[in-house]
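From first to last, the protein sequence lines are chains Y and Z.
Residues 1 to 256 in this note's numbering are what the first sequence spells out, letter by letter.
Residues 1 to 323 in this note's numbering are what the second sequence spells out, letter by letter.
These aren't lab readings, by the way, just hints derived from the structure by calculation.
Keep in mind that the hints are not guaranteed to be accurate.
As the list claims (entries may be wrong) - Pair ranges (Cβ atoms, derived):
(1) Z:Val36 to Y:Gly110: 39 to 45 Å
(2) Z:Ala199 to Y:Ser39: 32 to 38 Å
(3) Y:Pro226 to Z:Thr45: 56 to 62 Å
(4) Y:Tyr82 to Z:Gly307: 44 to 50 Å
(5) Z:Lys144 to Y:Ala71: 30 to 36 Å
(6) Y:Ser30 to Z:Asp130: 22 to 28 Å
What the hints assert, rightly or not - Computed cross-link-like contacts, SDA-like style, restricted to lysine to any residue with a CA-CA straight-line distance of at most 25 Å:
(7) Z:Lys146 to Y:Tyr85
(8) Z:Lys112 to Y:Phe78
(9) Z:Lys146 to Z:Ser110
(10) Z:Lys74 to Y:Trp184
(11) Z:Lys74 to Z:Glu89
(12) Z:Lys112 to Y:Ser39
(13) Z:Lys112 to Y:Gln32
(14) Z:Lys74 to Y:Ala241
(15) Z:Lys112 to Y:Ala241
(16) Z:Lys112 to Y:Leu38
(17) Z:Lys144 to Y:Pro251
(18) Z:Lys146 to Y:Ala241
(19) Z:Lys146 to Y:Tyr82
(20) Z:Lys146 to Z:Ser114
(21) Z:Lys144 to Y:Ala241
(22) Z:Lys144 to Z:Glu89
(23) Z:Lys144 to Y:Gly31
(24) Z:Lys74 to Y:Pro251
(25) Z:Lys74 to Y:Gln86
(26) Z:Lys144 to Y:Thr36
(27) Z:Lys112 to Y:Tyr85
As the list claims (entries may be wrong) - Chain Y stretches covered by chain Z per the calculated footprint, using a threshold of three residues with CB under 8 Å from any CB of chain Z:
(28) 176-190
(29) 241-254
Note that the Cβ used here is the ideal one computed from N, Cα and C, for glycine as well.
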Amino acid sequence: MSASMSSARPASSSRRPAGVGGRFPWIVASGQLAFTLLSAVGFAVAVAVVVISIAWRSDVTASIWEASSNAVPWYAAFMAGYTFYQVVPLLVANGKTRRDASIDAAQVIGAQTLVISLLTTLGYLVEWAVYRWQGWPLGTIDGDHLFTRHTQVGAIFWESLLTISVWSAIGAFVGAAFYRYEQWGWFSLLPAVLILIGVGLFITTKAPLFENVIEHALSGGGRSLPAATVAAAIAVAISAAILWRIVRDMPLRRWR
Amino acid sequence: MSGLSTPTYPRESDAASVAPGGRIEVRHVSQRFGDVLAVDDVSFTIEPNRITGLLGRNGSGKTTLLSIMAAFRKPDAGGVFIDGEPLFENPALTSQIAFIREGGDTVESSEKVSEAFRYAAWLRPNWDADYAERLVETFRLPVKQKIDRLSRGQRSALGIILGLAARTPIAIFDETYLGLDAPARYAFADAVLADYMDAPRTFILSTHLIEEMAPLFESVLILDRGTVLAHRDTEDLLAEGTAITGPVDQVDAFTAGMRVIGRRTLGRTASAMAMAPLDAAQRQRAAADGLDLAPIALQDLFVHLTGGAPIATPDVTPREGTS
Numbered sequence: 001m002s003a004s005m006s007s008a009r010p011a012s013s014s015r016r017p018a019g020v021g022g023r024f025p026w027i028v029a030s031g032q033l034a035f036t037l038l039s040a041v042g043f044a045v046a047v048a049v050v051v052i053s054i055a056w057r058s059d060v061t062a063s064i065w066e067a068s069s070n071a072v073p074w075y076a077a078f079m080a081g082y083t084f085y086q087v088v089p090l091l092v093a094n095g096k097t098r099r100d101a102s103i104d105a106a107q108v109i110g111a112q113t114l115v116i117s118l119l120t121t122l123g124y125l126v127e128w129a130v131y132r133w134q135g136w137p138l139g140t141i142d143g144d145h146l147f148t149r150h151t152q153v154g155a156i157f158w159e160s161l162l163t164i165s166v167w168s169a170i171g172a173f174v175g176a177a178f179y180r181y182e183q184w185g186w187f188s189l190l191p192a193v194l195i196l197i198g199v200g201l202f203i204t205t206k207a208p209l210f211e212n213v214i215e216h217a218l219s220g221g222g223r224s225l226p227a228a229t230v231a232a233a234i235a236v237a238i239s240a241a242i243l244w245r246i247v248r249d250m251p252l253r254r255w256r
Numbered sequence: 001m002s003g004l005s006t007p008t009y010p011r012e013s014d015a016a017s018v019a020p021g022g023r024i025e026v027r028h029v030s031q032r033f034g035d036v037l038a039v040d041d042v043s044f045t046i047e048p049n050r051i052t053g054l055l056g057r058n059g060s061g062k063t064t065l066l067s068i069m070a071a072f073r074k075p076d077a078g079g080v081f082i083d084g085e086p087l088f089e090n091p092a093l094t095s096q097i098a099f100i101r102e103g104g105d106t107v108e109s110s111e112k113v114s115e116a117f118r119y120a121a122w123l124r125p126n127w128d129a130d131y132a133e134r135l136v137e138t139f140r141l142p143v144k145q146k147i148d149r150l151s152r153g154q155r156s157a158l159g160i161i162l163g164l165a166a167r168t169p170i171a172i173f174d175e176t177y178l179g180l181d182a183p184a185r186y187a188f189a190d191a192v193l194a195d196y197m198d199a200p201r202t203f204i205l206s207t208h209l210i211e212e213m214a215p216l217f218e219s220v221l222i223l224d225r226g227t228v229l230a231h232r233d234t235e236d237l238l239a240e241g242t243a244i245t246g247p248v249d250q251v252d253a254f255t256a257g258m259r260v261i262g263r264r265t266l267g268r269t270a271s272a273m274a275m276a277p278l279d280a281a282q283r284q285r286a287a288a289d290g291l292d293l294a295p296i297a298l299q300d301l302f303v304h305l306t307g308g309a310p311i312a313t314p315d316v317t318p319r320e321g322t323s
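Turn these sequences into a full structure, and let the hints guide you.
Dropping the structure here:
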């Protein structure tokens with residue numbers, strides 16, 4: 001070690017990369033969480049408009065939030081994909097390693113998953129309050145869920161957390177694949193679909209594209225919270241492995 | 001400057017001083033893109049705290065090599081080491097390097113310029129906000145503008161500011177100044193020199209504007225077809241060639257038998273560029289013959305070494321009444 005870089009060491013060693021005992025990457029997370037909160041407000045307004053439209057013409061007899069929240073996993077996947085498509089390369093270009101940048105990104109996606117799950121749960125509670133206030137019937141929630149009623153807050157939150165976690169993990173490796181392989185990134189959708197189908201055996205995604213396949217797969221079995229948790233954990237682990245395989249030596253390409 | 005106020009987010013280090021750059025060793029690096037071997041078993045060493053010019057024709061592998069030297073890319077073979085430690089995925093070393101490609105693409109283009117500085121303040125341990133502010137004034141960069149709305153020159157200026165104000169021990173600029181106008185290019189050269197004098201560190205500048213940047217270079221690395229053609233101190237490299245100027249007959253007689261890579265004439269005066277280090281006797285003879293000797297221009301040498309177009313130009317004969 002020469003004198004020159006020895007003197008460089010204090011600067012680098014005093015800097016603890018985020019995610020390795022370092023700080024939470026607030027600068028990245030704040031922008032994305034603010035965008036998510038704004039999107040949630042817009043989404044809630046859109047759902048309210050739908051509810052009012054239905055109530056104007058007929059009785060409201062089903063959970064509109066349950067049907068509308070099918071879009072939420074897609075949003076989570078998109079945001080996770082954006083994080084690995086746009087933010088991780090930016091962090092690496094500014095001196096972070098791919099590993100540290102990925103840990104930063106994972107923290108941001110984790111926070112986002114938590115916030116989205118809380119907002120989804122909050123949506124059910126708000127819907128429950130509005131329906132009671134208006135005297136609309138609050139029957140059991142249709143569809144394949146780990147819960148049947150609006151008041152099962154814990155189960156609603158846990159299912160949201162598992163679903164958003166899986167979709168975020170998938171979105172992350174798809175985003176990274178599109179960054180690294182450009183048009184060949186479409187091939188990453190194959191493992192993404194396989195993982196979703198696999199997890200769909202235990203938790204519903206309610207995504208229109210996969211609904212039929214998953215419902216078909218579900219036709220033979222019931223729902224179990226522990227099984228769903230294990231399935232989601234396996235799906236996230238597989239997705240993380242695919243993601244790291246893509247990112248660990250990913251070249252930074254020139255933006256056009 | 002309103003957009004460059006103290007960042008809201010804390011820096012990851014309060015280190016303010018600039019540590020000197022380390023010894024960069026490129027060992028047997030190769031990189032292939034399909035059928036194209038962009039970098040072919042390249043090895044060289046860059047000593048710390050020098051300004052090195054990286055020259056090469058289009059497609060010579062400069063950007064690929066620099067990307068590898070900045071850990072933007074893992075090479076197919078070989079590796080880059082700084083003070084003996086491997087660079088790739090080494091957080092203690094990657095944080096010490098700023099690599100700015102043409103257009104300064106280390107920022108998100110949908111963000112504002114001020115946001116790019118905020119990110120830099122967070123990510124760069126030695127980020128110097130005051131220096132960045134001064135450079136913004138120098139390059140007249142609109143900090144409230146979105147990056148994708150900047151002109152090419154402004155975007156280049158942004159890259160330069162990010163690269164210089166990061167105050168990393170190793171700063172690499174790859175054709176960053178192409179989009180700049182002449183005053184801004186001069187400002188960049190002045191900024192590099194002033195910054196280097198203030199806090200010596202390693203600069204690597206890749207450029208096609210050879211004559212403009214040549215005065216900065218302490219050493220020159222010439223890349224051609226993915227291999228290193230020459231890597232020398234600038235003075236030593238230039239000493240390999242001599243420009244001989246004087247009466248046509250005297251110049252022709254003096255250069256007989258020498259490898260002349262370029263020749264220009266103006267009336268009865270000729271200037272020949274000979275690839276021959278002259279000994280003391282030859283210099284005495286040149287003086288006696290009334291010939292002027294001068295170092296060859298780096299750009300001419302580069303053109304010759306990379307097998308470019310002949311430097312010789314048609315004789316220029318003054319028109320009547322103008323001599």
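Quick one: which hint numbers does this structure break? Sort them smallest to largest.
2, 15, 17, 18, 21, 22 and 28
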